[in-house]
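A.B. asks: These protein sequence lines are chains A and V, in that order. Going from the first sequence to the numbering used here is simple: count from 1 and add 1118. Going from the second sequence to the numbering used here is simple: count from 1 and add 3.
Keep in mind that the hints were calculated from the coordinates and are not lab data. Model, not experiment: these values are computed from the prediction. Hints may be right or wrong, so weigh each one.
To be clear about the criterion: a stretch of chain V counts as covered by chain A if any three or more of its residues have a C-beta under 8 Å from a C-beta of chain A, and this derived list gives those stretches [claimed, not checked]:
hint : segment
1    : 14-25
2    : 46-60
Heads up, simulated BS3-like pairs for lysine-lysine below, C-alpha to C-alpha not over 25 Å straight-line [said to hold, decoys possible]:
hint : chain 1 : residue 1 : chain 2 : residue 2
3    : A       : K1151     : A       : K1384
4    : A       : K1253     : A       : K1193
5    : V       : K118      : A       : K1273
6    : A       : K1273     : V       : K128
7    : A       : K1299     : A       : K1152
8    : A       : K1253     : A       : K1235
9    : A       : K1193     : A       : K1152
10   : V       : K17       : A       : K1151
11   : A       : K1232     : A       : K1193
12   : A       : K1248     : A       : K1235
13   : V       : K17       : A       : K1299
14   : V       : K17       : A       : K1297
15   : V       : K17       : A       : K1152
16   : A       : K1143     : A       : K1123
17   : A       : K1143     : A       : K1384
18   : A       : K1193     : A       : K1137
19   : A       : K1273     : V       : K17
Note that CB positions come from ideal geometry on N, CA and C, so glycine has one too.
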Amino acid sequence: MASLKDLRNRIRSVQSTRKITSAMKVVAASRLKKAQDAAEASRPYAVRMERMLASLAQSMVGLPTAPPLLAGTGKSDTHLVIIATSDRGLAGGFNATILREARRQIRALIAEGKTVKIMTIGRKGRDAVKREYPKLLIDSVTDVGRRGVHFSEAKSVSEAVLTRFEAGEFDVATIIFAKFKSAIAQIVTVQQLIPFGAPTTAAPADDVAGAIYEFEPSEEEILTELLPNNVGVQIFTALLENAASEHGSRMTAMDNATRNAGDMIKGLTLVYNRTRQATITKELIEIISGAEAL
Amino acid sequence: MAEKVKFELVSPEKILLSEAVEMVVIPGAEGNFGVLPGHAPLISSVRPGTIEVYEGNNVAERIFIAGGFAEVTPERCTVLADEAVTVSSLDRGAVDIELAEATTRYGESLAAAEKGNDADKLRFKAAERLLAVATAKHQAIEASGRH
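Next comes chain A alone, as it looks inside the complex (with noise of 0.2 Å):
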């Protein structure tokens, strides 16, 4: 049986877990607080690039002169897939279930037989691809997001995605993320960025309906601006979304740690009183029973 002894050791080592597991708790809650802040402020932009988007892309479509992130390069046997995860562990299920997915879309695609190249976000993704798929991993970009996450972070990962597809070095690119639901639930999402999707938005917004808008200059150099601009857009609200989700299930983890650790307090305390009373009474026996023999 442990000693007393060491039963306060174990106690107090619970207890200092328990104490750290709260702290981050706490943090996750705040920093979560901000991520979904910037989420939300970050939406209206989208909307708009987006309603812009769907207006010209319906006036590109099928033109044998709509660029290629519009319409793609006419094959898809290079696929590019962008991995987007955390830098810090202890998130719980956050980088597991993510990376789980792209496990699944990388041999759905590697069986359908496409070359797959990966290009990691976040220092969790990058060690897991090189540890699975080292031959495909092309391009790993760490502490995004570090102080929240800016929109010229999502610019220059954007940038060097545009720059490889404008090499030819992929046909398609898609990005996974978790996309944030709540605290408790994030949903892995896989999201073409490349070959721009058609607008899942189908009926434009009201007051839009049936406008038919001039384009300055002409629709194709509009285009050429918005698409990759765009792209960014697309990556940055990826990155609140994980950024969010990344707090969320920290925060869920490190609040079960935290129950856990109570729980696991409360029954190394009942064993230690136990054993320190068994010990008082054997000593009581130990010493009546001695006065006894004389």
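Given the coordinates of chain A, assemble chain V onto it according to the supplied hints.
C.D. replies: Just chain V now, with coordinates in the frame of chain A:
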């Protein structure tokens, strides 16, 4: 003038401005254009320059933007900006330095780009853009008559 146009200035990170205004002047890619209520639907790209918001017949606010896109409908005018600051918060000294740096970089990359290397050409494009932004900032300050 009772009618107003709903003007929104949005950056990727947040909505910078959303208000009903009488007129805005936007530095479009092919020249400045003013937006009054009832403007024909228009989508235009925006060059680096100053957005002027008019109240009455006076400029109520000048905002510098480093480029972006504008969407105009009869009721609404939305500008998606890459980077935007009010002209009054631009620092003359800093802008002067930025302009000088951009000019030297432009010169350097121009020399390099003439040799025809692709990477250098890209760098030249970037430097060209930086210079355009810096020049526009400089002009914005000059135009606001602040010294």
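A.B. asks: Looking back at the hints listed earlier, which ones does the structure fail to meet?
C.D. replies: Per hint list: 3, 5, 9, 16 and 18 violated.
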